Structure formats: structure tokens, C-alpha cells
Amino acid sequence: MSEIFLLRNRLIPGLNQFKVYLENDGFATWKKAVTSLKPEDMVNEVKASGLRGRGGAGFPTGLKWSFLPNTIWPHYVVANADESEPGTFKDRELLEFNPYQFLEGLMLASYAVRAQAAYIYFRGEFWQIAQKFDERIAELTAAGLLGDHLFGTDYSLRVYTHLGAGAYICGEETALLESLEGKMGQPRLRPPFPAVYGLFGMPTVINNVETLTNLPIIFGKGVPYFRSQGTEKSPGTKIFSLSGRVNKPGNYELPLGTTFRELIYTHGEGILNGAKIKAIMPAGASSALIPATEAALDTPMDYESVPTLGCALGSASVMILDETTNASDLVNDTVHFFAHESCGKCTPCREGTFWMSRIVDRIASGKGKKEDIDLLESVAGQIQNKCLCALGEFSIVAVQSAIKNFRADFDARVES
Amino acid sequence: MDKLVTLKIDGRSVTVPAGTMIVDAAKELGIVIPVFCYHPKLKPAGMCRVCLVDVGRPQMDRATGAPVLNEDGTPKIAFGPKLETACTTPVSEGMVVWGATEKVMEARKDVLEMLLTSHPLDCPVCDKGGECPLQNLTMKFGPGESRFKFDEKKHLAKRVPLGELILLDRERCIQCGRCVRFQEQLADDPVIGFYNRGRSIQITTFSTPGFDSIFSGNTTDICPVGALTTSDFRFGARAWEMKEKPSICTQCPVGCNIMYNIRREAKSSGRMVIKRVMPRQNEEVNEIWICDKGRFTYHYAESPERLTSPLIRRDGELVQVGWEEAVSYAADKVKAAGSSLAVIASGRLSNEDLFTLKTFSNRINGKAILHTTISGGDWVSRCGLTPGSNLGELGGNDTILVFASDLHEEAPLWWLRVKTAAERGACLIVVNPRKTRLDKYACHTLRYVYGEEGKALQEITSSSGEIASAVKEAENLVIFYGSEGLGLAQSAYVAESLAGVLQSGGRVGKPNNGLVAVWQKGNDQGAWELGFRTDEKLQETISAAMGVYIAGADPASEDPQLKIALQRAGFVIVQDLFLTETAKLADVVLPARAVMEREGTAVNGERRLQHYLPAIPAPVGTRADHEITSAIAQAAGLDLLEISVESIFERMTAEPGVFEGITLMQLGEVKEQRPSIGRNWKYYGGTSYDNHHGLGLVLPLNTEVPLLTAKKAVPVTEVIAGRLLAVPVTRLYDRGGTVTASDMLKERISSGVVSLHPEDAGKLGANTGDRVVLKFAERELECGLELNPDQPSGVALVVRSMGAMLAAPAEVAVVVKTAAKDS
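If you're matching them up, the sequences are chains A and C in order.
If you count the first sequence from 1, position 173 lands on 173 in the working numbering, and the numbers rise without skipping.
If you count the second sequence from 1, position 783 lands on 783 in the working numbering, and the numbers rise without skipping.
No lab work stands behind these hints, which were simulated from the structure alone.
Some hints could be false.
Each pair of labels, with its calculated beta carbon distance range [to be verified]:
1. C/T208 x A/Q17: 47 to 57 Å
2. A/Q116 x C/E28: 40 to 50 Å
3. A/R158 x C/E718: 52 to 62 Å
4. C/T461 x A/K38: 48 to 58 Å
5. A/Q17 x C/K158: 56 to 66 Å
6. A/T71 x C/E102: 37 to 47 Å
7. C/L4 x A/A138: 53 to 63 Å
8. A/P191 x C/K3: 13 to 23 Å
9. A/T153 x C/T101: 54 to 64 Å
10. C/E28 x A/K38: 48 to 58 Å
11. A/T71 x C/E28: 29 to 39 Å
12. C/E646 x A/P192: 54 to 64 Å
13. A/I72 x C/E28: 27 to 37 Å
16 Å max Cα-Cα, derived EDC-like pairs, lysine to aspartate or glutamate [as the list claims (entries may be wrong)]:
14. C/K149 x A/E371
15. C/K154 x A/D361
16. A/K367 x A/D329
17. C/K149 x A/D372
18. C/K82 x A/E393
On a predicted model such as this, the values are computed, not experimentally measured, just so you know.
Idealized CB from N, CA, C, for every residue including glycine.
Isolated chain A, as found in the complex (with noise of 0.2 Å):
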């Protein structure tokens, strides 16, 4: 039987309640930290835990707590909720359902690399998510669960929420921090890296809020009880956010290591209409179409594993195409996304991705030719490794994955 870790919110009628998840445990595990536990005892708790980031790059989370220095000081703890991988809709249930277990784990995390400030990036179009934690946060400080002294103690800890205003880009650690700070939402040059330099030029923490959820569950209980679910390297639960051609899209907490026949038949109850399925792309626009095989099927959805298949696992947004989909044309929307959202710092991917978004409209409205499609496979290779962040570079992955696996589907968008 599976655990729940997160969607509590589906076992606890009106978890999103202050009261209500406080008659259910709510903020014991923060009391206890923040009274008796030692910050350099919970680094290395999660540590073990072997949690790593929930955002789509999934990094050891421990492992990023413990670059901070502590020599520089003050350091910050930012949450990443701009959620905006196309696909990607699991942060979004979290806040607006379990909030108060994603705010406990940040102050858990707050509380860990001793920052005493923390900051929620919302995306801007979460603003009315964002007024209601305003109120929240304000619940919460009356309630002596934030503010000074907190319980007695020398720590304090505030936390004040912010909103983005419609960039992609913004999701990017770098680019939210320059955002945050009031400047133009365009990534900064690593090295140096946020734990060393972040927020206002000081150590600071970005995780994103799925992560920051796991954390009351490591410390209430236990890291035994976490490693319960998963696999040995990828532990835990994790969202998986289904959509596409299925007939149950939604969101599924599922321990890591579920196959993606699982989650789509049993959990998505498969395809519509009973059509064949024909690709998998596990991690949002950022994917590659991963033909639909039966070993694909059998895969199991880890860290370690989907990268076998050409992909990595990402947010978990996992979108399915069938036999109606034709690729080219999704590669057609992927590609404007990304022409759309470029911040438009370095070349390649903001001449690249118009670049190939006037390519793909060409191939999409009959006008295209055979030429075309491999100009498309040209320009992305050129984007390929030259630029400043991870959008330009995600950017053609689907583009390439396409036109390898699924070049009729381009064939027959061109004159012939």
C-alpha cells in the first residue's frame, strides 16, 4: 500500500483550514524543531533522507543545504513556486489544498541553514493563491508560529510572499532571485552559485514547494518511514502530474519507481477513445517524445531510470501523445513556447528559438519542404550547448527527439 506524503489534502477534508491541520499535527514537528532539534543534525537527517529536488533537476536536497558557508551571513530560504512547465500543475494543488504542510516544511527548511527570512516567488498568475497566503502567513504570526522569539528561543522567522509577473524564465533559480531583488528577470552567471551567492548577494536556499512539502514528513516521521516508499537512489513519493490523451488526467502521488504503464493505465485508466498510445514525454515541453515501446512502458519512473530512455524525469509532467497527435505539431507548440518565454540574454537561444519557430511554422502551414525539416534538426544542434541556462538548452530537446523518432509525422506536414 502506498503512502501519501503530500495530497493529504484528499484524505483530510479541508486541510487548507488553519485549524484543521492543526487538530491533524499541524506545526508539532515545527515546535519540536525549532525547540530541540540542532540545524546541522536536520541538514544531515535529509541528508539521509536521500530527498532530492522536486522542481525538475533533482538535486540531493541535503547536499545543497550544506554548501551554504557559515561564514557569510544572513542567509535566505526561497521557495520556488512559479510553476510554469507546460504540464506541470502538482505545486499548484499543493498550495492551494495543503498549504500549511508546504509552509511548515519551509520554515523546517528556514529553520535548518538558520535563515530568518524566507521568501514564496509565486508566479504571477497565482496571485490570488498568494493573497490568501498573505493571510495565511498572518494566521500563523498571530498564532506564534512566526514572528520573534519564536517558542521561547533566540529564533525568529519571517516570511513574506512575492509575485512574478508572467516569464517561465522567472522559474529558473537564478532568474527568480533577480527577480525577486526588483531587477529584470534574466538568469546571472554561475559560478557563483546561489548557496554561496543568492539573494541580495547572500547564501541562500531555492527549493521548490513539492520538496519543501516532503520536509514536515521527514521530521515527524522519520527518515525510516520516508525511505518506505520509492526506490533505494530516488526515495519518497512523488506527483506525477498525468494529462494529454488520457482519460484521467490529473495529479497522482505515487511512490518513485511506478512504472509508466502504471500511472497511465491503472491511474489514467488509459488512452482515449482506446487509441494506441504512441509517446511518452515525462517531463513537460522540456521533454523528448519517448516512443511509446513496451519496454518504455515498463520503465520505472526514477531518477535513475528514465534517463535510460533519453529523457530525464523532470517535474514528473508527464504527457501523452497517441496515435491522433501529430509530433511536428506538437514540436510546434513546444518551439513557440520556448520562442515566447526566452529572456533574451544570450544569442543562441533568442535568435535560435524564433529561429525555429518561423521553421516550424512554416513546416505547420503547408509551405514547408523536405529542406526544412533538417534545417530544424541543424538549428537546434546549433543551440545545443551554447547557452547561458537550461531554458535555451531544454528548448530543443523535444525538436530533436521529434525528428529522430517520429520524422513521418514531419514528412507529412512537407510538400513531398
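Mind docking chain C on chain A? Use the hints.
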């Protein structure tokens, strides 16, 4: 001592200080890695990606920390999976960089192809053609043809005024960010920025007037394409059609090294004309920058108002005559005056003009007077900067004191150099009665009341206090004093006191220690070095003399008392470029040549002697100032016949004194300027010119000037209740002849001539834009009003050279004449 690092680039070894970027280490070897967004004077951005190179580092064993070795014992080099930007990657020990492999060349070709997909095919009409790194790099590294469909190019606005001085072509812009970063990091005027994102990203301006920065022209130099152009030069000429004529800017005492670009034109009737002014690199003076005043105010030379014929007053009117007649008439007057002749010159003249005038004045036992706004040049001559001094070297242990000067208005490149010194760690002390643009960089700011300079000086020289210790304990101390609220008497007192600080600290004569005066003109310091002196009682001197001989000065425009004295003078001989207020009172007016029309030397405020050559031929009928003086002297029976600048210079440097033994050859010496910038087409630093024409040299101190004994304080001007203290201040864009002749700058000249604190204005019921009457003791004047919350109350700041003619602090009543809303 910086730690050194050795690495290999393209198989060749180089050792550079730690922290050097790969792209600069490569330059040391003469290997060129192309750049667009990188500029050695800006922080690296890593945006354009054209500098991608293959970087390998010695592999280290994770467990032991020891280097992993190959079979042959050499360190194993691990190359990254991706190319790295050479401009953002600092060197490390044992690094191996490949900049010329096929992989790197392919990457460069790819990036260039991508840049050209949006870039328009404007080369045939683009100003930058011929001095454009995009052209050059495309020829060297780019593809021959583009695979982008021409019809699908994004079309953007091609003539976007970022203000009236700088125009942007959005299609040409390659979004390198140099302009934005220059404005933010160096000019401290973040008035332009990026707007929108992705392919729609564009440069926009946030200020009114647009691109409100006195350094805006520099962005057109460092722009790697023809996106930013000046409205002055745009579509003016092709780069290869122009010739280069090196010169010095004489608009302020910095003495920026410039290059005039000239071309012979049909529309100018076959005349050689100046098309634009560009900076010339001199890291010890102006680096690679010039301010907009220097860039755009050359138009006065071609003004139709230029005097081209001598004039003599007959029956009350000035009529045109020939040179012989005018010279002979002037000579007769001079002979008749004997020793009762006052010779008045300004810092607009070259050393040769001044030397000739001084020699002339000596011969007739007359008085050689410098007409200028502030005094104290003898102290600068004695305690000024010495050879080996360079503002660009000041840093952590040094102190810079700026007294009574708004450098941003008075000497923009010194503002920039002092600010960057402060950013390098120098302790900046700003002593001023009001807030200026330097305050935010200062360690200490000291405010004093206009007229009470003595109190501020006391604090600097006292035995205790942070400012006094910062001054005493500095490794090197450079002191600037300017013209903020000071007249001749006050500034002489200030200069003496500040010179005393340097003397008592034992600093006189040490490099990077000294007194610098922020003069109004380019060669005031030269005048002092050559023996000219200011005269606090000039009005009496003029009245007492039989006649006045004025060269390049316009006292009647600057001081009403002097205007009256000149009206009553026995006779007045004037040599100038225009029919100034002073010339209108003259008996003889002789047309002179502008600085770009003749050769000469000048001494800047840092006491650097610099040589300039003519750029364009002078208008027919004009003569150089020294030629005029020589001719008059000759006609008056004085033997003074040197005509060539070279021979005058030889005479000048034969005499004992600070100029002794200097040759023009020495002034023409150059040495490698670092960082190398100008026009190296592959590593592009901007269109500023390399300096092949001379860096000049700093004069030794004048030990003939006796050291300070006693200082006399200047009595504070009494102000009756209800009235204000009016003080003169300097502004960069005033109504002087050179600025007003450049029509393009008219929006930048403020209409307000006097500024008041809002509190004082409120009491008078006055608002910005009102016409007010300034009622002084002996005169009244109507002018425009501005409000300034950053100035103290009780004071009316009167801008010089705007017609208000205030030379020294004076009491004034201000009354509203016409409200702005009613006009």
C-alpha cells in the same frame, strides 16, 4: 603582489595575474578571441556567446586531491562537456584552452549566423560600416550565406530617438547590453535599459529628456554595431572617407585626448570639415571616454557668426578693415599706452599664445592678467600633481578630497575617474555646501555654509576627527578644488589652505599627491605656469590703465563691473572668435582661430602638457592668437617675431622654469595603453582611437613659488533678513558660445539661471519656470527660476555663463516677475 597563474592557450604558455579572464590572457599572447558583449572596462556578462572556447582543467583525484597523471607523467586534462565563455571564465593554474579548433570555429560560425538572422542588411548605409566588428568577425569566422529566410526576418523600428542626441536602430541591435551596462556601471546614469524579452527585447530610455546622461555619446563608441548613433554624425560620412586629426578637448581642465574626423565635402564648398569628435585613448587622462560636451560642441568653429575680418571703431560703429590697417591702429594705441597697458587673457588660449602675450607684456612693463572664475593656480603650480601621477592608480590606501566642486558639472571625466577610484577603495571626502553626484561614493561628506569655507577648512586641518585622520593617514592624497560659490578672493584663500594641507603632510612633490584646480577652461593652468595672474581688483586695474588688450577673454559677459570699466576704458583691443559682449565695446577687434584650426600646447588641471595639431583649415581672414600678438608687437617696434608654434615652443622651453628642456618630440611619445581597446578589429573595445600621437607629460613643480606663510581669510558676505546670498556655480551645459552654437544641445541647457530651495521659493510664492528679477545692490537682472531641494535654503545659486553675470558671492533679493503658469 597579485598571485600569478600559468596556463596554455592554443598550445602557447602564458602567465597572468589570478582573476584574469581567459579572453584577456589570450590577448597577452596576441591570440584574439572574438567578443561582443565583453568590454575590459565593464563587468563580464557572458551574454553573446561568441567567445566560446574549449576549456580543460587538470583533473584532480576526488579522494586524495592530487592531480591525475597521464602515462607520460603529464597532468591529465579534463575538458568540460560544453564550451565555456572566455570572457567570464577566470584562468586557473594548468588550464588548457583551445580557441582555434574545429569545434570552436563551428561554434563561432553558429553564433554569428544566429546573430545575423535578425540583423538587417544595412551595411551599405550603416554608419558603422568599415569600423564594425560584426562585419569583421563575420568575414573571419562567419558563414558566407544565411539559411534564414529573408522574408521572415523580424522588422523593428529603425530610427528610435533615445532622446535627441542618440538614436537607436532596433533591427541592428544585437542585444549585447554594453550600452546599458556602461550607463549603470560606469556613468551611474541607468537611464536606458532592456524592455520586453526574447526576440522582442529592446533598448528603451527611462528619463526625460531621453537618455539623460552627459556620457551618452560613449555608448555609440562601444556599441559593436550601428545600432546606436549620434544625431550629430548619423549618415554624416563613411568611416573610410574620413581622415584622423589628433587633438585635445579644451572645454574643461581635464584635457581629454580626442580625434577629429574630417572630410572634404562638396556641400561645404570643398572645405575640410569636422564630421565628428572621437575619444583618443590616454589611460592617464581620459581613458577611452569623452563627455557629451566635448563630443558635440565643436560646431562653433563653423558658425556663420565667426569673425573673419578685423574691425575698427569709426564714429561709434565697428567697420571692417584690412589686417595691416587694424594691426597698425592697435600698435599705435599700444605704443601710446607704454607700460599702462593691461593685458588680459583666458585659459582658452594655447601656451604659445600666452607665452607671446606674456613676453609682450614684459617688454612693455604691462600687467599680464588671467581672466577666469577662480584663483590659486600659483599654489597648483607649486603643490600640484607631478610626473608619475595617475588618478587611475588611486585605490585602497589613498584619499581624494573634493572641495567646493561639483565635478559632474565642472569636469565630467574627473568625476568618472574619482568615482572609479572610490569604487576601487579610495577614501573619497566630499566637502561641498550642497549635495552633488559624488556624495554617494564618499566615505565622508562635509557640508558648510556658502561663504564659510573657513570652517570646513578648519575641520580638514584639525588634529582630530574622521576627516582629518583620513587626510593625514592617506598613503596618497589628491585634493581638488573648484568654483562652487567661490569668486577669486575666496578661491585663492581655499587654494592656499589646501596647499598648506599638502605641505604640512610632506606630500609636495610625491607622485599621486597634489592640488588640482577645477578651472573653467582647458588651459587656465598653462596661463598660471606662464606667469599670468588673476586680479581681484581688475575693475580698478582697467580703470587705471590707459588701455586694455584682451585675448580670448570676455569679461563684459561675466561681470557687470568689468563691463562698466571696459566701457569707460581708454581703448580696448580684442582678439576673439566671435563678436562677444567685450568685443562689442572694443576699438579694434581682431579675428582669431579656434583650437581645431591651429597648432598649440595646453596644460591640463593635472599639469599635463599636451600637444595638439590643427584639424581643419581656419576661415580666411583669421589668424592664430600668437600671430596677432606678434604682428601688433612688431608694428609697435617690439621685436617678437616668432610665427610658428614650434619656434615659440622652443623659446618657451629654453627659459628656466617648469617648461625647461621639454621638446615636442617628448610630447609625441606614446607607450602601450592597457587595456588595449582602440579599433583592434577582432577584439573589439570600441571605436575610440588608439593613441599614436602623444600622451603628453606632467610638468615638474614650480619651486620658484614661495611656500605658504600666512593665510588671510575672506570676510563673509553679510545678508540682511529677507534677502538671500547669491553665489555663482558652474554647470556643464551653459549659454557659453561653444554650447549655444551646437543647436543639438539646446534641450539640455536648463532654462533656469537661478535656483532656489523650495522653502525659499515658497516664501516668495515662486515656482519652477517663473521669470524672476534678481535685485543686487547695483543692478537688476531678469532670468528664469528653478527649484532645487538638494541645495541649502537661504542661498540663490546663480549659474555662470548664462547671462546673470555673478562673479563672486553677493547679497540679492528675488522677486517673481512672471509666473510660469501665466506665461
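Now the hints, each set against the structure:
1. C/T208 x A/Q17: 47 to 57 Å: About 51 Å separates the Cβ atoms of C/T208 and A/Q17, which means 47 to 57 Å holds.
2. A/Q116 x C/E28: 40 to 50 Å: holds, 47 Å
3. A/R158 x C/E718: 52 to 62 Å: holds, 57 Å
4. C/T461 x A/K38: 48 to 58 Å: holds, 56 Å
5. A/Q17 x C/K158: 56 to 66 Å: Holds, since A/Q17 and C/K158 (Cβ atoms, about 59 Å apart) stay within the stated range.
6. A/T71 x C/E102: 37 to 47 Å: With a Cβ separation near 45 Å, A/T71 and C/E102 satisfy 37 to 47 Å, so the hint holds.
7. C/L4 x A/A138: 53 to 63 Å: About 57 Å separates the Cβ atoms of C/L4 and A/A138, which means 53 to 63 Å holds.
8. A/P191 x C/K3: 13 to 23 Å: holds, 19 Å
9. A/T153 x C/T101: 54 to 64 Å: holds, 59 Å
10. C/E28 x A/K38: 48 to 58 Å: Once the Cβ atoms are compared, 51 Å apart, the range 48 to 58 Å for A/K38 and C/E28 holds.
11. A/T71 x C/E28: 29 to 39 Å: With Cβ atoms ~34 Å apart, the hint holds.
12. C/E646 x A/P192: 54 to 64 Å: holds, 57 Å
13. A/I72 x C/E28: 27 to 37 Å: About 33 Å separates the Cβ atoms of A/I72 and C/E28, which means 27 to 37 Å holds.
14. C/K149 x A/E371: Holds - the C-alpha atoms of A/E371 and C/K149 are around 13 Å apart, at most 16 Å.
15. C/K154 x A/D361: holds, 14 Å
16. A/K367 x A/D329: Status holds; Cα separation ~14 Å.
17. C/K149 x A/D372: holds, 11 Å
18. C/K82 x A/E393: holds, 11 Å
Checked against the numbered hints given earlier, the structure satisfies every one of them.
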